[in-house]
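Single-letter residue listing:
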Amino acid sequence: MAERDGADSAMSMGRSARLGVRRATSLAISSGLFGILYGAACASLGISPTLAALSCVLVFSGAVQFAVLGMLAEPFSALTVAVSSLLICNRLFLMGVSIADHLRGRSWSMRLLSMLVLTDGAWAATVAEKAPVDRFIFFVCAGVWILVLWVSGTLLGSFIAGRLDPEFIAALRFAGVLFLGLLLLLVVKNSSMGHASWIVAALTSAGASQVVPLPLGFLLGVTVGALIAWFGASSGTAR
Amino acid sequence: MTIDVRFSIAIATMAIVAFGCRVVGLIVGTSLGDSPNLRRFLDLLPACAMGAVLGPAMVAMTFVQSVAAIVSAVVFLASGRFLLALAVGSAVLMCERWILAVLM
Numbered sequence: 063m064a065e066r067d068g069a070d071s072a073m074s075m076g077r078s079a080r081l082g083v084r085r086a087t088s089l090a091i092s093s094g095l096f097g098i099l100y101g102a103a104c105a106s107l108g109i110s111p112t113l114a115a116l117s118c119v120l121v122f123s124g125a126v127q128f129a130v131l132g133m134l135a136e137p138f139s140a141l142t143v144a145v146s147s148l149l150i151c152n153r154l155f156l157m158g159v160s161i162a163d164h165l166r167g168r169s170w171s172m173r174l175l176s177m178l179v180l181t182d183g184a185w186a187a188t189v190a191e192k193a194p195v196d197r198f199i200f201f202v203c204a205g206v207w208i209l210v211l212w213v214s215g216t217l218l219g220s221f222i223a224g225r226l227d228p229e230f231i232a233a234l235r236f237a238g239v240l241f242l243g244l245l246l247l248l249v250v251k252n253s254s255m256g257h258a259s260w261i262v263a264a265l266t267s268a269g270a271s272q273v274v275p276l277p278l279g280f281l282l283g284v285t286v287g288a289l290i291a292w293f294g295a296s297s298g299t300a301r
Numbered sequence: 062m063t064i065d066v067r068f069s070i071a072i073a074t075m076a077i078v079a080f081g082c083r084v085v086g087l088i089v090g091t092s093l094g095d096s097p098n099l100r101r102f103l104d105l106l107p108a109c110a111m112g113a114v115l116g117p118a119m120v121a122m123t124f125v126q127s128v129a130a131i132v133s134a135v136v137f138l139a140s141g142r143f144l145l146a147l148a149v150g151s152a153v154l155m156c157e158r159w160i161l162a163v164l165m
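If you're matching them up, the sequences are chains A and B in order.
Position in the first sequence counted from 1, then plus 62, gives you my numbering.
Position in the second sequence counted from 1, then plus 61, gives you my numbering.
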């Protein structure tokens, strides 16, 4: 694991930062485009651009933010928001577990602060990076760059919401699934990860969601995928 | 309660949950050992979660959405360009009206 330690990396902090920004640019632009949709959705509910942008900075999880927009009607329940957020955010927990090893060698305060920018894109870019970068700097710069465009897109969407064609917005809702699918491909293509575990997780979740509630189907999928990953990793043949 | 008040409460709730999940994950990940097999396993878990999110969405896809997913995956695997793949897939989605008109 020495190559993941910032102190042992061959690339300087400046170069690592620039590479982090460069590698995350396409992800950041994509996030910016989804930000426009999010901003427009917020505006359609009467939410001010300032609050919409603030939610992006503080939460920085598109899946949760989009989902919660549907829970703001009366009777409003903060508990419902909390439980739903928890169900959707378990991916962030798994990413936190995964990214921890990449951030070793930094103080706890730095690592905790960096968690503010942990999102699918920053995780995927960091895990997929093969160059001997300072992984902490790379991760933080990638995350901040994605955050900047996510917030900018949201503000833009809030201001131009009235000009967007509703059919255009409806069509692009599925682009979120495309984004997640491409992120998955990015990670598995550029790392030594196997394919069996995530494919089994997807198939299990798809099958289970036909007979049990979606969150339960999701948990079943992750559990079965994790079992496959565990035995694959143990035998060193996770492919 | 106005929408801004409700949304402010929702932001605070989401922020606590999201940051809490990240931090707990970081603590758990740091406290675990650093054997290569374990790290390999931990790196696979978020991919499993992504797969589990995508699975049900794939089952519920319309024809045009399926085409968009396949096209964007092929473009990405062939070119390695994330944004291009997403743009092509999104273009297919936005052309749904015309694609269905041609096929019907």
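One or more hints might be untrue.
[What the hints assert, rightly or not] Covered by chain A, per the in silico footprint, the following chain B stretches (three or more residues, Cβ under 8 Å):
id, region
1, 90-104
2, 111-122
3, 130-142
[Unchecked claim] Label-pair ranges, simulated between beta-carbon atoms:
id, chain 1, residue 1, chain 2, residue 2, range
4, A, 75, B, 127, 16 to 26 Å
5, A, 84, B, 162, 15 to 25 Å
6, A, 276, B, 123, 35 to 45 Å
7, B, 88, A, 129, 37 to 47 Å
8, A, 230, B, 127, 19 to 29 Å
9, A, 229, B, 85, 32 to 42 Å
10, B, 162, A, 275, 30 to 40 Å
11, A, 275, B, 161, 27 to 37 Å
12, A, 75, B, 77, 25 to 35 Å
13, A, 238, B, 159, 30 to 40 Å
14, B, 65, A, 193, 18 to 28 Å
15, B, 145, A, 139, 41 to 51 Å
16, B, 123, A, 84, 31 to 41 Å
What the hints contain is simulated information worked out from the structure, not anything from laboratory work.
Computed from a prediction, not measured in an experiment: that's the story for all the values here.
All C-beta atoms, glycine included, are put in the ideal place defined by N, C-alpha and C.
Structure-based check of all given hints:
{"no.": "1", "hint": "90-104", "in the structure": "holds (count 12)"}
{"no.": "2", "hint": "111-122", "in the structure": "holds (count 11)"}
{"no.": "3", "hint": "130-142", "in the structure": "holds (count 7)"}
{"no.": "4", "hint": "A:75 with B:127: 16 to 26 Å", "in the structure": "violated, 44 Å"}
{"no.": "5", "hint": "A:84 with B:162: 15 to 25 Å", "in the structure": "violated, 41 Å"}
{"no.": "6", "hint": "A:276 with B:123: 35 to 45 Å", "in the structure": "violated, 18 Å"}
{"no.": "7", "hint": "B:88 with A:129: 37 to 47 Å", "in the structure": "violated, 26 Å"}
{"no.": "8", "hint": "A:230 with B:127: 19 to 29 Å", "in the structure": "holds, 20 Å"}
{"no.": "9", "hint": "A:229 with B:85: 32 to 42 Å", "in the structure": "holds, 41 Å"}
{"no.": "10", "hint": "B:162 with A:275: 30 to 40 Å", "in the structure": "holds, 37 Å"}
{"no.": "11", "hint": "A:275 with B:161: 27 to 37 Å", "in the structure": "holds, 31 Å"}
{"no.": "12", "hint": "A:75 with B:77: 25 to 35 Å", "in the structure": "holds, 32 Å"}
{"no.": "13", "hint": "A:238 with B:159: 30 to 40 Å", "in the structure": "violated, 22 Å"}
{"no.": "14", "hint": "B:65 with A:193: 18 to 28 Å", "in the structure": "violated, 45 Å"}
{"no.": "15", "hint": "B:145 with A:139: 41 to 51 Å", "in the structure": "holds, 42 Å"}
{"no.": "16", "hint": "B:123 with A:84: 31 to 41 Å", "in the structure": "holds, 35 Å"}
In this structure, the earlier hints numbered 4, 5, 6, 7, 13 and 14 are contradicted, and the remaining ones agree with it.
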